[in-house]
Amino acid sequence: MSAGLVLVVGFGNALVADDGVGPAVIAGLRERGLPPGVRAEAGGQDALRLAGLWRGEPEIWLVDALLQPEAPGSIRRLGHDEVLALPQRHGTAHQLSLPECLRWLAHGYPEMASVRYRLWGIAASRIELREGLSPRVAEAVLRLCDELRLELGRLAGEQGSRTPTVA
Amino acid sequence: MNPGGRTITIPHLGRVEGHGGIHVKIVGDVVHEVDMDIFEGSRYYEALLKGRHFLEVQGIICRVCAICSASHTVAALSAIEKALGIEEKQLQDPDFAVTTYRVFLLRGLLVLGATIESHALHVFALALPDFLGFDSVISMASKHPEAVAFALKLKQLGNRIQELVGGRAIHPINTLVGGFGRLPEAGALASIRDDLRASLDPLMKLVDLCASLEVPGWPAQPTVYVALRPYEDSFRFRGEVICTSRGEEYPVERYQDVVRELTVEHSHAKHAALASGETYMVGSLARLKLWGDRLTGRAREAMQKLFPRGVPDNVILNNWAQLVELVHSLERGAEVCELLLSMPPAERQMVEYEVRAGRGVAAIEVPRGTLFHDYEIDDQGRVASANVITPTAQNLANVERDMRLAVESMLREDRQMPEPRIKAGLEMVARAYDPCISCSVHVVRVT
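As you go down the protein sequences, you meet chains S and H in turn. If you're matching positions, the first sequence starts at 926 in the working numbering and goes up one per residue. If you're matching positions, the second sequence starts at 9 in the working numbering and goes up one per residue.
If you are wondering where the hints come from, they were derived from the structure by calculation, not from laboratory data. A few of these clues could be false.
To be verified - Which residues of chain S face chain H? A few of them, derived with a C-beta cut under 8 Å, are:
1) 938
2) 976
3) 997
4) 999
5) 1021
6) 1036
7) 1037
8) 1038
9) 1039
10) 1043
To be verified - From the derived model, a few chain H residues whose C-beta atoms are all more than 12 Å from chain S:
11) 182
12) 360
13) 365
Here the structure is a predicted model, which means the values were calculated and not measured. Idealized CB from N, CA, C, for every residue including glycine.
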């Protein structure tokens, strides 16, 4: 397995308003161009499908919508241990929580046990069945794409990594 | 006890985020009200489809459900093809029928992949921890590490099938109106076939484990079961005739004569009942009740181990019925791979068709029960109307009925039964139906 550097996965559904931040960030990163060794994939709504997307990268960076009382459009950054310590309630009757999925993946696929996760969550304004992100969340997606692109460039050793287009 | 009665409220279905709240009002030992509120997204998708070209339908409808995207895809494509007259042409022209046989088999494989994924997740990650006394599949790994690892690999095998046939891991793109964009390569099909066969022995060990577990009898209640009659004289997930356990039969085009949709005040989702007003159950237990005698091989063996005295009227056993279907899906999946491998190689399989106005109704048996898709297309190929009836919507009224009867049964046993025990029982009944609750989203909660 030829391992790259990072797999970026954006979870969510583009037809459910701000739940679409994950696929929107993936699209934004692809538009900006990915450095060598980095892949960006939409992860849909099932974190267990990470097993099918992963190709040996030592790090998986996750992007998801966040349900929290903070201001919509704010970006929260969580490290590996914080991701695994998130509340363990199931997503639905047949969908496990993110940390349960990550722990199960590490158990079922020992080769994934050493993967380090990071999570960028964008606080959602509305999670309802409609197309399009709310304005503050759409703005946050642009900010996050620039932030991630810069960080990925640094990690890949790019000279003079691109400057963010949005402050 | 309060002489005015007591109200039991479960804000969210156990270990389930979001909707799924249950409210029960008990006066004496009589249950006066049982309401379960779920969020059921297919209504929105119907509205979103109106006015769109039929070629856009698949890309939208596959997002209704994270787990059932392949099932919605196959149902939608079948209905649209009926509207366009592709099926009519198939019946009239034997050469045409030969061309579409491979498409039929590939779509069947897609449905089997979705069933493997869904049942593996529900039986081993959500039901089995309950039966074995663990709070999650992760804690279950401390005592059953091999079973927990195998369950994930089984789910992943279901994903791999969908990826191979559908063209990618998330949201199939290869499945098209009239056929397939690119056919799976022989090597990949053979690998899937071998993995399906290799999974049978370890799965049968889990069948033995489940067969050794005691299942509570208090939820047992007779009900009406509804499932499609398989298209051939075998156990299958597709068919053209809706059958009830009372002996009624209707062609799928007449589904509205069987399924009466109702709006209820307490729920976002529509409920359903038979035209006679009775509630009914769809899903694995219903399929085994109606067609379980058609199972063969290891699936038949699994059924005999799990239901040695026949399939009882106990919704909790829907979990074990799913397990039987899991065994069947592995066996049938390997058979379908073999059939596909015996066909001459081809890169693409598409039939030609002309756009015309028409209406098409299709139904398939998906993990949670019978799924109906109904489309009317105008002469420009735009969707004039869409109707999607999910298994969860059909089961909801029966879930409430079963919860009512289960509480009454528990109260007959002990009039002062403590609330936590009643709540646990209610959740067990609701979860046994494996309801699909707002799984069209993926969010993280940090508090």
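key: Beyond 12 Å from each Cβ of chain S, as asserted for residue 365 of chain H   = At about 27 Å from chain S, residue 365 of chain H clears the 12 Å cut-off, so the statement holds.
message = Is the claim that residue 360 of chain H lies outside the interface with chain S correct, judged by CB distances over 12 Å?
response = holds (31 Å)
message = For the restraint on residue 938 of chain S, tell me whether the closest CB of chain H is nearer than 8 Å.
response = Given a least distance of 5 Å, the restraint on residue 938 of chain S holds.
ask   = Any CB of chain H closer than 8 Å to the CB of residue 976 of chain S?
value = holds (5 Å)
ask   = Do the numbers back the hint for residue 999 of chain S, that is, is its least Cβ distance to chain H under 8 Å?
value = Check failed: Cβ of residue 999 of chain S comes no nearer than 11 Å to chain H, outside 8 Å.
key: Closest C-beta approach of residue 997 of chain S to chain H relative to 8 Å, hint status   = Since the shortest Cβ distance to chain H is 13 Å, the answer is violated.
message = Just to be careful: measuring from the Cβ of residue 1043 of chain S to every Cβ in chain H, is the smallest value less than 8 Å?
response = Nearest chain H Cβ about 13 Å off; hint violated.
message = Given residue 1036 of chain S as an interface hint, is its Cβ closer than 8 Å to any Cβ of chain H?
response = Status violated, d = 12 Å.
request  = Have a go at the residue 1021 of chain S hint: is there a Cβ in chain H nearer than 8 Å to its own Cβ?
outcome  = Because about 6 Å separates residue 1021 of chain S from the closest Cβ in chain H, which is inside the 8 Å limit, the hint holds.
message = If I take the minimum Cβ distance from residue 182 of chain H to any residue of chain S, is it greater than 12 Å?
response = Residue 182 of chain H is indeed farther than 12 Å from all Cβ atoms of chain S, at 15 Å.
Proposed interface contact between residue 1037 of chain S and chain H, which counts if any beta carbon pair is under 8 Å = Where the cut-off is 8 Å and the nearest Cβ of chain H is about 10 Å from residue 1037 of chain S, the hint is violated.
query = Are residue 1039 of chain S and chain H close enough, Cβ to Cβ, to be under 8 Å, as the hint says?
reply = At about 16 Å, which exceeds the 8 Å cut-off, the nearest Cβ of chain H leaves the hint on residue 1039 of chain S violated.
Of the hints listed earlier, those the structure fails to meet are numbers 3, 4, 6, 7, 8, 9 and 10, in rising order.
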